[in-house]
Structure formats: structure tokens, C-alpha cells
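Student: Okay, here's what each chain looks like letter by letter:
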Amino acid sequence: MDYLRPQTVAEALAAIAQAGGTATVIAGGTDIIGDIKFRGLKPTALININRLEGLRYITEDASGLRIGALTNIQELVGNPIIAKSYTALGDAAERFASLQVRNLATVAGSLGRASPGGDMAPPLMALGASVIAVSPSGEREIDLADFFLGPRRTVLQPGELMREIRIPAPGPRSGSAYARLSYRDVLDLCIVGVASGIKLDAGNRVTSARLALGSVAPRPVRAANVEAFLLGKELTDEVIREAGNVSSQDANPITDQRASAEYRKQMMPVLTRRSLARARDAAQG
Amino acid sequence: MVDTFILGKSELNIDAPEKIAGRAKYAIDMTLPGMLHARVLRSPRAHARILSIDTSAARAIPGVLAVITAQDMPHLEDFPGDRPTLALDRVCYIGDAVAAVAAETLELAEQALAAIKVEYEDLPAVFDPEVAMSETTPVIIHPSGKGPGGKVMGNNQAHWYGAADGDLDKGFAEADLIVENRFTTGMAQCTPMEPHVALADVDIYDNCAIYCNTQTPYLVKQRVAEILKVSPHKIRIIVPPHIGGGFGCKTRMKGEGIAAALSRAARKPVKLVYTREEVFADTTVKHPFVIYIKDGVKQDGTLVARSIRAILDAGAYTDGTVGGLVTRNAAYGAVGVYKVPNFKLDNFRVYTNKPVGGAFRGFGVAQTTWAVESQMDIIAEKLGMDPLELRLKNLLVDGDYNPEQYLMDAVGSYPTVQKAAELIEWGTPADAPISPTAKRAKGIAIGCKHFSIQTSSAAIKIHEDGSFEVRSSVTDIGQGSRTVMAQIVAEEFKVQMSQVRVIRVDTDVTPLDTGQSGSSTTVKAGHAVRLACKETKRQLFDRAASLLEAAAGDLDTAGGRVFVKGSPDRSIAIKDLFLKLPMGAPGYEYGPFLENYSELVGGAMFYPQNERGPKGEVLPKVGFSYCSQAVDLEVDVETGRIKIHKLVSILDPGKPMNDQMAIGQIEGGVGFGIGTGIFEEMSFRDGKPTNANLTDYRIPTALDVPNVDQLVFGQVETNFAYGPYGAKGIGEVVVCATAAAIANAIRSATGVRVLAMPLTQERVALAIAEYEASRA
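So the protein lines, in turn, are chains A and B.
For the first sequence, this note's numbering gives the first residue as 1, with consecutive numbering after it.
For the second sequence, this note's numbering gives the first residue as 1001, with consecutive numbering after it.
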């Protein structure tokens, strides 16, 4: 196995191109190393991008938030901008695995692995995030809602690298939250995760709603039925309760080693309600 | 403990400095020059005939020095003889060992495994013990054992144990209320931090040294001798002083036999380290139980009849004597606490095509305690009684015969449960829950576990500088036995702990011990060391008597000197009992030594007598220790998550040997009880483990168990005359009551009674939803 450690994005793209589509890109490695050690992954080339220059930043301007692809999860934890305006992402970062893993795992890497239960995807989808991908032929922006195809599969083409994650500025009277359920508070994969991102008008009516569900489908999914149900309604406790029930129409979870389909179905409305209630509180903040 | 020099006090655990400094060496750290690495090929089939094994391609790989199959080691387990070390012509569960290889690198060993071709023909498999023992089982895995009256039992029934007292029919006829329930428990793994390790080194004379982290060195020595078909004197088991946990799954031979056979084939040292998946699937697991319990009670709460039928899921084989022992020991969990005049118990251990059930902290008692202590609350509720009051009304006390005919002595149930009730403020309602979707309540349960009283031996050597060496084959899997043995020697000779060294277990040097299981070590090794001290003192005093011009019987020792009782000025330093002889030239001398060139060493063995019931029944010698627990918790009624606000654990240790280490057992036991009570359960799909890793098999972290403010512990001492210095075995009783106390609190909080353990949040949430639906 070849092991390469390029210093710039251009070098990385060249190395990936040279490996001819069989290269595995690694940054934090918290997932890939497990695949290599325990799940039979045998890459012909391992391209470690964690030293690429200029890809580790969190910046905000009028248009919104930009997160460099090599920013690690721990850098999100306690970031005052994220805590104030992108709360769902902060919620997810705080509960992500453990400090040791958070210090290594990158935000973009977590998206790239396209795990159905990955904790970065639902909050970023609820915040309307997109991914900037680079390749030798240029850059493109991909809405995260269109990014995931299935477990371990995304729309990224061979030879493409994620460079940045962008989140549009949420604007006034917006709020977001991520509610996730696991057995342990730390070091435990998500059983059901629901992220909500909402905007309210002066009468507390919902003018925009994005909800995303994790661990209940082969890929992170938007809760289209809940979103449609909420639009234009005053966000009362009763509406939140009903929205929880509507969430059952948005995914059909399966049984696996972490939880039964029955339990996941029962928890979708619960977590939908909890994340919506907290998003509302933040919006009204 | 009255007036001790050092015993009972919180002496520093002698393991602590090395562990804290990160310098403790474990078996997994061992290497030998020229060492090869071993891997084991395991069955991917739950039940299949082996049609052929072709190892030729694996043998042809350069750097692969040994490949073995059952043909190289066809020996079966000694008792009951159902388990080959490597599969003969059949595999009986996913993970069954089929072949093994040793190679210069682990990567080459992996390659060799992949190159072995095995042809299987699937056989029907059965995974549910109640199906397996029925007339309609799809398959017979092994011939059945013998049951009541010595008759061969029904399908797949490996072991039976029964106990009875009084007249059950008469008891139920007298009862005002009959309560029947079916409880279940899940399969769990001990998950010691250090996996199983065996580094075997067989020389050309078949002398075999094995460095390993077993809990039972002498049993391993015997088994390896049988596998290699050599005299046991050629087998030397060496256990490093530090072991990364055991909890039962390192009892009896695990990988040692395979490593030894590979080493003999290659004539090089071979190291076998189990992967975490192998620890899960191919060491031994906690037997899942199905427990049918039927109780008859009077209106005033008096228990008049109890019948228990427990079905133990054995898995595919029997781990030697452990299978029968768990079947037998499970009964202790049903008889140690309450008076039941009319009683019957039948435990059946039943084969299925799953990992093998073996020793697991609690040894069957944790499972029956779960059922009995849940059942007591159910009865109390039906009678409209307080569950504590119902318990107190039926307690066995000193001088009673229990339903198995043991004469009860040093009973600790009353003081422990009273203290637990007091500290949880039993009788006053719990505070309001913190979460708006939660309900909060308290629960209580009594744990009682027997500790088996077994055989151990020890030798104490006094060195020429007056320091002490302890030779014992007791392995310290974290329970602190090395410290306690040193404390006993320090107590007996009235010296500081720094004067005592406990050498590592090495069966060429350290004497017979039956192994660390069943909470047995403190009592048997405590006695053995005490007796060895006595013998060593006798030799010491004989040697000093003439020099002090006193009778040996009038001598005593303290602080490295022997003195005449009552005349401390007539004394001699122990080191002055050793001689030095001039070698010729001044300044050169031999010694120090004893004039007969011997060591000053005294050895002793402790072995128990059987116990007798009132009609002369022969019963294995055991004692009973007690640990009552009470919990104040809240349950999120939407998610089923449990948050423990306070957990009280009150232990009866007899007299603790080392106070701080007894507390350590209570703290660790609570974590273990919560793990198996709430979090841990091995799951399977068609016999294939689906969570044999530490990502999906959730052991609690430090954040998931009560912190120092939430855990309230205490000890109440009882007078256990049979114990060394009054000590009882305590390593397992501390885990027995937790799950039932939690289940009882959940019922009080939510109205939902969960009959299946562990009480995972999924199980609790689904039960609450079902209950709410039934009320709507």
C-alpha cells in the first residue's frame, strides 16, 4: 500500500488522479483505520490530507459560516459563533464520540463517510449547509440535501475533494437544535437523531423549516412531511406535538444491532418534538 | 476486627504504584526471542459437519511454521467430555475453533488462515433453549446428561440440579395468594480490559512453559498436560502479577492449549492474543436464564411455598466443571435470604448453538436473585404491603435451616437491608424528577451470594535479611489478593508491608490453588497463608529457642525479632539466626545461610470439610455474604432512559481484610451491576453475534455509573467464625441486587414491571408504551 502525505490541495488532487480512482483519502482516520483494521478495507493507496494548508478555519461573514474541510469536531465545541447562531451543530459536536475522537475527526470527513447515523449530517442539513468540492476541473457547490446516496456513498466523484462547508446566515428569529438518543452519553453511536432549523415571524408562525433525521434511513434524510406540516403554522406546543407524530411518515427505520425498528419508530416523534421545542426557544431567544 | 496490627486497615494496594506509573507489565506485554504469532481459524457456521480441511496451501507459505487441526490434538475436555480443543468433525457454534497457525508475523498468520480450505455441510441449528429442550427440537447437539433419579434427561439437557423441602402441594393449598411469573436474563460478556493471552514455549524435551493471564493456573497446567499427553510436571504456568481483569471468563483453559500445541509443532515460542471478537464469541459468557417462579403467600405476607424452574442457556458446549457448577450455584440465589417451608427448585442447563456459558461474576446467583428480588416486590404490591416489610417478615436468621438444608450462620441480610433502607430514606417519597418527561421513585433489593470454600496452599519463606516472601498460586485479577496475602503475613509477624513480597505465580515454585472463582480466594488463601505463617513461625521459634534459652512455645515475634513472651529484652534479630562462615582469607565469607543448607520456609494447605444438613445430607462447604442495595432513580417515560440519583450499597464482608479494597469491590460491583443490569446484552442473528465489539456492546463508562456524590456505600460486619480472621468472600455479592433494585424502582415510578434483564432503555420504553396503550 502506498502512503502519501501531500502539502497542498493541488498536490493532493494530483496524487488522487495519479492513483487512478483506487486511492482512499484519509484525514482524521477515526473511521477509515477501523475499516482497515477490522472490516477488511485494503486500499492500494492511502492519501493523508491532514497537512493540507489553509483548510482549517471557522469564519463568519454576512453571508453565513464557512468551515474549512480539515476543521476538527472539537474546534466546533464551545465556538461562540456556533453556539449563538448555529446551535444544532454545536449540540452535535458536543455529543460526538469522545474528546480523543473529536480531536482527530474532521467535519468534512464525517460527511464524506456518509454513515446513516453520522452526527454531523442532520444538523448541517437542518441549517441548509452545502459542500464545496474541488477537482482538477474546478469547484462546485453541492447542497447537503443532495449529497448523500447511501451508506458510504456520496455524489462526490473520484478525484474530488471537499474544501469547505458553507452554512447560510440564519437571520433573525431563527433557531436550531439537534436532539440525539443513545444509550451512553459519550462514546455511543446515535440511535435516532433529529435536527431542526426554523424561522419564525413576529406572530411565531413558521416561515421556514428544515428538519433532518439521522439513523432512521440508509442515509440522513430531510423530514419533508414535517416541514410541510409546519410551514405557516404558529409554533405552539400542540403543533410541536403533532409535528412529532407527522415525523413517522418521513422514514421507515430498520432493526440493527443498536436498536429495533420499533424503538426507533417510537423515538422519532419524541426527538422531533424535543429538537423543535429547543429550536423554537432559540428562535424566540 | 479487634486490635489488629495491620489487618483490616486500608493498606496501599501493592499493585498501585506500578499501575499508576504505567509500568505494570501484563501477559500481553511479554515477548520471547524468536517468538511466533498465532491465529485461530473459527467456524462461520452455527452447526455444521466438517467434510474436509485442506491446510496444504497455508503450510506452503514461507514464514508459516505450524498449522494444526484436531488431528494434532484430538483430546476432549475432561468433564463432561463434550468439547474438543479444536473441532473434530463438527462445529457447534459460530466461533468454534477449527484450526490454528503460527507464523513469523501476525500478517503471515492471517494469510495462512485465509489459505485454509474447510468444506462444511450445514446441520440444523437451535438457538432458543426452551425449543432445544422440547420434543420438537430441530436437532440434538450432544447427548443429554442425567437428571432426577439418575435418569437420562430430555433433549439437549446437559445438567440438572434440584433441591426440595417440605410439601409443595400442601404449601400452595395453604396459600391465600399465588403469584407466578417468567423472568429472563440476557447473555453478557465479562469484557476484561486485557484479552486472553497465552505465550507458550515448548522445548525439544516437551517441557512447556506458558505465560498467560488465567484465573486458574493449576487447572490450565492439568489440561495442557492432557492435550500434549505429557506428565504435568513438564508444564509450567507463569502468570504475571498484573492481569487486566477476569470476572470469570479467564477461568479454565482458553487459548493456552492451542498455543502449546503450536509451540510444540514449531519448537519455538508462540504467542496467541485473542482479538476482542474472540473474547466475545469464544471465551465464555454469562448464561442467559429463563426463570419460572411460582410463590404461595398468606395474606399477612408469610411465604409458604415457592417453586422455581430455571432454564440455563448453555451454549454449544460445557466449560469443564463450570457448567455443572453454574447449574448448581444458581440455586444459592434462590435459598439464601428467605424462609420457605415448602420449596422446590429444578435448574436445567440446555445446549444451543451459541457461545459457551461459563463462569461470570455472580456465577448463576445474579440471575436467580434478579427473579426472586423482583418477585418479592410483585407479591408485596399484590398484598398491599411495603416491599421492605414483606422482606423483613420472611428473612432467614442465624440458626435457621435454609430450603437447601444449610444451617444459616452470620446472616447479613437484616443489617444490610435495614442500613440501605435508612440511607435511601425508605418510606419517604422520592424528590420530584429533574426532567419534565420523567418519573422518579425508589427501589430496594437484597443480594446474597454464597462463596465457595475451596482448597489453596501457600508457603512463607524468611530471607536471611529477615524479609518475607509469599509463594501462592493465587492470581490477582484486580481483587487485591496479593495485598491481602501480604497483609496477613505482616499481621502474623508484626512487620511492615514493605518487608513482605508476594512473588508471581509460577507453578514450578508456587503451590496448588484451585483458582480465582466463586468469591473463594479471600477465605481459602487467607487460611492457607495464615496456616503457612503458623508453620513458618514454628520453624523460626525452634531455631531461636536454644539461642534464647527458652522453650519454643514461649516465643513470639515482632518487628523482625524473636523474643521471649513477657521478657522482650531476651530477643534475637531474625537475620542473626542465619550463619556466616569464613572462607579462608579475611573479608571473604560464605552465607548467610542455615547450617543445614535449607530454606527457612513453612508451607500449609487449607481444605474445607463438607457441610452436613439436619438429616446428614452432604453439602459443599460454602458461606453466604450479603449486599443490599437501594436506588433512587428517574425514568424518562418517553425514551426509557434511566438516571440514577442515588445508589446505596451496603455490604456484609464478615470482617474486611482491607477496608479500602472492600469499598473498591462495592464501587466496582455497582458499575458491574449497572452494566449487566441496564446496558449489556450480546445479540445474535441466526447464531451470528451482531455486537461482538465494544462499539455496539455497550459497557458503561465512568459517566454512566453513579459518581462519588451519588454512590453511598457502607459495611456492616457479621461474625463469620469459619473465615480467616472472620472474613467472607465478597467479590460477587456486590453485583447481585442491582438489577432488581432498579426494576423495582422503575415499577414504582411508572407502573411498568419489566421481567427481562437487562433493563435497556429500549426495553423500558417499549414496555411503558405498551402499558400506556393498554390503559388508554
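Honestly, the hints are just simulated from the structure, not real lab data.
This one's a predicted model, so the numbers in the text were calculated from it and none came from an experiment.
Don't take each hint at face value.
[To be verified] Computed list of lysine-lysine pairs in DSS-like fashion (alpha-carbon distance at most 30 Å, straight line): (1) A:Lys42 x B:Lys1565; (2) B:Lys1117 x A:Lys37; (3) B:Lys1688 x A:Lys265; (4) B:Lys1151 x B:Lys1170; (5) B:Lys1009 x B:Lys1419; (6) B:Lys1268 x A:Lys37; (7) A:Lys265 x B:Lys1009; (8) A:Lys37 x B:Lys1019; (9) B:Lys1268 x B:Lys1025; (10) B:Lys1393 x A:Lys37; (11) B:Lys1688 x A:Lys42; (12) B:Lys1025 x B:Lys1234; (13) A:Lys37 x B:Lys1025; (14) B:Lys1170 x B:Lys1019; (15) B:Lys1494 x B:Lys1419; (16) A:Lys84 x B:Lys1643.
[Stated by the list, open to error] In silico contact screen, one side only, chain B against chain A (beta carbon under 8 Å); selected entries: (17) Thr1055; (18) Arg1059; (19) Ile1061; (20) Asn1691; (21) Asp1696; (22) Pro1700; (23) Asp1704; (24) Asn1707; (25) Gln1761; (26) Glu1762; (27) Ala1765; (28) Leu1766.
By construction, the Cβ of each residue, glycine as well, lies at the ideal position given by its N, Cα and C atoms.
Student: Out of the numbered hints, which ones does the structure contradict?
Tutor: 1, 7, 10, 14, 15, 17, 18, 19 and 24
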